[in-house]
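**Student:** The residues making up each chain are set out below.
Number of protein chains: 2
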Amino acid sequence: MGERIYNFNAGPAALPLPVLEEIQSELLDFKGSGMSIMEVSHRSKWFDDVINEAIERTKRLLGLGDDFDVLFIQGGASLQFCMIPMNLSLKDRPVDYINTGTWSAKAIKEADIQGKDVHVIASSEDRNFAYIPKEYQVSKDASYLHFTSNNTIKGTQWAQFPGAGDIPLVCDMSSDIMSRPFDAKPFGLIYAGAQKNIGPSGTAMVIIRKDMLERTPDNLPSMLKYTTFSGKNSMYNTPSCIVIYTINLVLKWLEETVGGLEKMQQINGEKGSLIYDFIDQSDFYKGTADKDSRSLMNVTFRLPSEDLEKKFVAEGLKEGLGGLKGHRSVGGCRASIYNASGLDAVKALIDFMGDFEKKEG
Amino acid sequence: MGERIYNFNAGPAALPLPVLEEIQSELLDFKGSGMSIMEVSHRSKWFDDVINEAIERTKRLLGLGDDFDVLFIQGGASLQFCMIPMNLSLKDRPVDYINTGTWSAKAIKEADIQGKDVHVIASSEDRNFAYIPKEYQVSKDASYLHFTSNNTIKGTQWAQFPGAGDIPLVCDMSSDIMSRPFDAKPFGLIYAGAQKNIGPSGTAMVIIRKDMLERTPDNLPSMLKYTTFSGKNSMYNTPSCIVIYTINLVLKWLEETVGGLEKMQQINGEKGSLIYDFIDQSDFYKGTADKDSRSLMNVTFRLPSEDLEKKFVAEGLKEGLGGLKGHRSVGGCRASIYNASGLDAVKALIDFMGDFEKKEG
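Keeping their order, the protein sequence lines are chains A and B. The opening residue of the first sequence carries number 1 in this note's numbering; numbering runs sequentially from there. The opening residue of the second sequence carries number 1 in this note's numbering; numbering runs sequentially from there.
If you're looking for bench data, these hints aren't it; they were derived computationally from the structure. Since this is a predicted model, take the numbers as computed values, not measurements. Be aware that one or more of the hints could be misleading.
No copy is singled out in the list; a pair is fine if it fits within one copy or between any two copies.
As the list claims (entries may be wrong) - Listed below are the simulated BS3-like cross-link pairs for lysine-lysine, each with C-alpha atoms no more than 25 Å apart in a straight line:
| no. | residue 1 | residue 2 |
| --- | --- | --- |
| 1 | 109 | 358 |
| 2 | 116 | 225 |
| 3 | 310 | 31 |
| 4 | 347 | 286 |
| 5 | 106 | 225 |
| 6 | 106 | 232 |
| 7 | 311 | 263 |
| 8 | 232 | 109 |
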């Protein structure tokens, strides 16, 4: 086996090493079953324990009461973009969206395709999505207000979530779920593709407030109704067992090794301060997001030229730092430092950035 | 680590041991990337090679020409039940279905929900789905004819596929894909949840004839259009990387270790003869499917009483034979003997069945 690298991929992303080691050690025989976790029946006690543990850990970590269901639905956040308006839009009432970049725009597009009355009540498109909008007016009769809590491509993040009074918030939290504690009360639905902060690709976690389930229309296809998943503990059909199992191990690591979300938030804050302070004292590197909108998960920055950026990414990889290229739609550089990227990874990155600047600056 | 059992689960089901061992050996470092296959970007060359290899192996194994696309779509066969009528039904033309049990019925239900003109042109419901219908008349103007090639719950299988002239066949092959070679020409679409014969749960393989793509309506949600998956090599959004990777290893095992589908068919034939010959010579065990409709994948049988069936399942597990309970909807016993269950598993099962009969018969 070769050496593990520091993995700054935006998603799929780094997983905690102890999680990978546990999967590896029991891959041929899950808990004495004589089968791999990929081979046990989803109707068995073995798997029931796994999925229920993942749900309980999610509820404990986020402080969710019994008024929330935790669901696992395949198809990523992208399938949620269409399921949300299908299930949660109310007759003759608009759906509100805030546009903070590519992923918000995709969510808006899928509501549009369905002919919903979409109100984009705020957007940061005027300055290439470099900031989180501060001014917005929620439609009085909105079905919900949708926003994206962290924008992987533009490197921005809502430091404080928007307020919408009694209108339920709906949030794509794919890239910062479990990175900090928050009050779930104003949320009707929270969803997150697993492959950034909580597991491998192949499943979205959907947290739905139970009163939202009453909105699901009867005539939807079974696999597109939240009620189908809620009524069968996400096992109307076979779920992605290996992905849910891995999510549970990541959540266990969060609870038992990290020590919960307050602690995780503190570590993520330290990581963010280190890298942004370094960028701010440098004339060579330049952050792309407004300071008050910066993401603690995805650090986006530019170098003086595209040639230097290419060289930076290539030399980084040679030094064991992978995934530093910006999203193909925007260019530049990006270091994704999700929960599983520790202080050591950020320090290694800063060391490399310092050396590179000395050599090329 | 404990001992591996003989796994007769209906799905998720046994995987070839060499496949599991390969996953285990490279779980922390995929091909020198310094990352797990769960951590590499789906936009990287590493994963591109994996998905393209899986597609090429599928095409070689099934003898598919360039007129077919191979897609990977999350949500299992159950999501396909709704995507098929959404994408492939033609205006003012019926959709034909043959009902051979639970899974056919679910496919029919999803076409009904969408208000399609569903013609169930044949059914074996009159005798509890114990046989494959021989008589049916395809609607002259049908959009397609849908059938289920193998019925896991009732233990029946189409020995020869139905003919429908120029009407494209659409087939749920979840439980017998890659178990035998066949001529793909009459098929407009073939789909299979991976978790029975080709991998772990979490992805359906969809094989679509390219002319079918012209039927997709423009106004469908992006994630429910076959054209979205076809146009982006199944990577419009992040696919289930670990599942596609495992499918590729199973297909590699089929090609390189087993030696292709003719060879696989021969082995499956031997396994089927062994177990059915044993059942037929016994007065204690009784097969539930008509002889000419028997499945080579799922062997369903009864014992003289439900108490004996319970005892049989429990003692089997003690002897290292797992998953012998029939589906919760029908009771009885069932041994699923997919590709990854070898002759040794079937022989061990027959030995146990003989001993049990001697003791209890």
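**Student:** The structure should be examined with respect to each hint, and the outcome stated for every one.
**Tutor:** Results of checking the hints against the structure:
1. Taking the shortest Cα distances, residue 109 and residue 358 never come within 25 Å of each other, neither inside one copy (45 Å) nor across copies (66 Å).
2. Proximity of residue 116 to residue 225 under the C-alpha cut-off of 25 Å is found in both arrangements, the shortest distances being 17 Å within a copy and 19 Å between copies.
3. With identical chains, the CA atoms of residue 310 and residue 31 are at most 25 Å apart between copies only, with a shortest distance of 24 Å across copies and 46 Å within one.
4. For the homomeric pair residue 347 and residue 286, the shortest alpha-carbon distance inside one copy (18 Å) is at most 25 Å, but the shortest distance between copies (68 Å) is not.
5. In this homomeric assembly, residue 106 and residue 225 come within 25 Å of each other (Cα to Cα) both inside a single copy, at 20 Å, and across copies, at 15 Å.
6. In this assembly of identical chains, the alpha carbons of residue 106 and residue 232 lie at most 25 Å apart only when taken from different copies (16 Å versus 29 Å within one copy).
7. Taking the shortest alpha-carbon separations for residue 311 and residue 263, neither the intra-copy value of 36 Å nor the inter-copy value of 51 Å comes in at or below 25 Å.
8. Taking the shortest alpha-carbon separations for residue 232 and residue 109, only the inter-copy value of 18 Å comes in at or below 25 Å, while the best intra-copy value is 30 Å.
Hint compliance for this structure: hints 1 and 7 are broken, all remaining hints hold.
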